[in-house]
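Chemist: Chains G and W, in that order, are what the protein sequence lines are.
The numbering of the first sequence is numbering that gives the first Met the number 0, which starts it at 0 and goes up by one.
The numbering of the second sequence is numbering that gives the first Met the number 0, which starts it at 0 and goes up by one.
Among the hints, a few may not be true.
Said to hold, decoys possible - Footprint (simulated), chain G over chain W, 3 or more residues, beta carbon under 8 Å:
#1 20–33
#2 57–63
Claimed, not checked - Label pairs and their calculated CB-CB ranges:
#3 W:35 x G:2: 52 to 60 Å
#4 G:218 x W:79: 39 to 47 Å
#5 W:6 x G:215: 24 to 32 Å
#6 W:38 x G:63: 32 to 40 Å
#7 G:289 x W:38: 26 to 34 Å
#8 G:201 x W:16: 33 to 41 Å
#9 G:83 x W:15: 51 to 59 Å
#10 G:221 x W:79: 16 to 24 Å
#11 G:87 x W:15: 35 to 43 Å
#12 W:31 x G:132: 31 to 39 Å
#13 W:17 x G:250: 39 to 47 Å
It should be emphasised that the hints constitute simulated quantities derived from the structure, not laboratory data.
Think of the CB as a built atom: it goes at the ideal place given N, C-alpha and C, for glycine as much as any other residue.
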Amino acid sequence: MSSLVAATADRHAIFVGGKGGVGKTSVASSLALAHAQGGSRVLVVSTDPAHNLGHLWERPVGDDAVTLWAGPSGRVDGVEIDPSRTVDAHLASVSDTMTRLLPDHLHRAARAHLESARDAPGTHEAAVLERVAETLEIGLDRYDRVIFDTAPSGHTLHLLAMPDKMTGWTEKLLANRDRSERFAVAYGALGGTKDTSDRDAELRRLLLRRKARFSLMRDSLADPRRTGFVIVTVAEPMPIAESREVARQLAELGVALVGVVANRLSPADLMPARRTREDALLEHLDLGAPITRIPLIDELVGLPSLERIATSLV
Amino acid sequence: MSFSSRWAAVSQGLSEFYAGPYRRTFAQSQRDEDDHFMLVVLAESLGVPDPAAYYTAELLPAVYEDFHDWHQRAGLERSPLDHISCC
Chain G
0 MSSLVAATAD
10 RHAIFVGGKG
20 GVGKTSVASS
30 LALAHAQGGS
40 RVLVVSTDPA
50 HNLGHLWERP
60 VGDDAVTLWA
70 GPSGRVDGVE
80 IDPSRTVDAH
90 LASVSDTMTR
100 LLPDHLHRAA
110 RAHLESARDA
120 PGTHEAAVLE
130 RVAETLEIGL
140 DRYDRVIFDT
150 APSGHTLHLL
160 AMPDKMTGWT
170 EKLLANRDRS
180 ERFAVAYGAL
190 GGTKDTSDRD
200 AELRRLLLRR
210 KARFSLMRDS
220 LADPRRTGFV
230 IVTVAEPMPI
240 AESREVARQL
250 AELGVALVGV
260 VANRLSPADL
270 MPARRTREDA
280 LLEHLDLGAP
290 ITRIPLIDEL
300 VGLPSLERIA
310 TSLV
Chain W
0 MSFSSRWAAV
10 SQGLSEFYAG
20 PYRRTFAQSQ
30 RDEDDHFMLV
40 VLAESLGVPD
50 PAAYYTAELL
60 PAVYEDFHDW
70 HQRAGLERSP
80 LDHISCC
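I would like the entire structure built from these sequences, with the hints used as guidance.
Modeler: Okay, structure coming up:
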């Protein structure tokens, strides 16, 4: 039998996802703990805006990594992504550029203008994606493995699809710049004097940098040697239906599904009928990855309960 | 006026006569592309929800100077954005 720890052992980036409330955070954290007990340095990153990592480990966790568990050689660090901090930093750096480039009387206007981007739909997601890319990049220097404890399915699938969509977006804008620059060259060759080459070069540089980031992210998500997805579910009809849908969409995105966790199985001695129903549901569940079964654990907070789950993942 | 400078003036006039319309066409086509680009970058400010606003924001500094020309070409005499008072 292949354990979840073995199935994720050679992956650098592991995304743990599933329907809301099925126990993604506890599975992600116990998986991290199990790897760390085996000697790996693991970073757990929560991308869910309703963060639970800190509650589970019973200590404050924020946008900078804090150590959650340390053993003789392995350790678990945790991050709860704060998108608003990323948005602030991003807009501040654009604002700096504006201040540098624009005449004084336009500064205030330019800043006000930028504020409209802050609350735009999609800005929040873009910031989460930026931080995921960052933690992956930095994370893989300092850690053997980065485990993402993700937001409920829909958000996460959208997030995973974004690099590909946005690569297409930058390509369209770059095609527009190509055409514009070709016209500018023809115009210049016929004696035109208005020079837009500085602006054009800057726009091209920005777009190419974005495109490089998006396509790097897209490629690493779709690389089964580097990235794997773990679906967490409970043995009830609705979460299982959603898991099927997630597995289907992951296949479409080219993200490798490496494991399924059936969480919170009812104790057979106390609730025999319920457990029989659960087993029957799982019997017919084939998502193309091995299923790991985890029994219901009372009062799931703190290290002892994470250790208990970790033992069923090894 | 010497013959050579008169000849130069005639020659320049001729090339302007032939090349001018083409140059204007190219300038116009470039402006069309740039106007479209401006529209993409300013979408959110113009009230069109832009899911890529996080990314278009970083393009703003480079196109900001062209804003005044843009809104005048778009047929708007005054700046359409309350917070940009370029004119």
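Chemist: Hint by hint, which ones does the structure fall short of?
Modeler: When the structure is compared with the hints, numbers 5, 7, 10, 11, 13 turn out to be violated.
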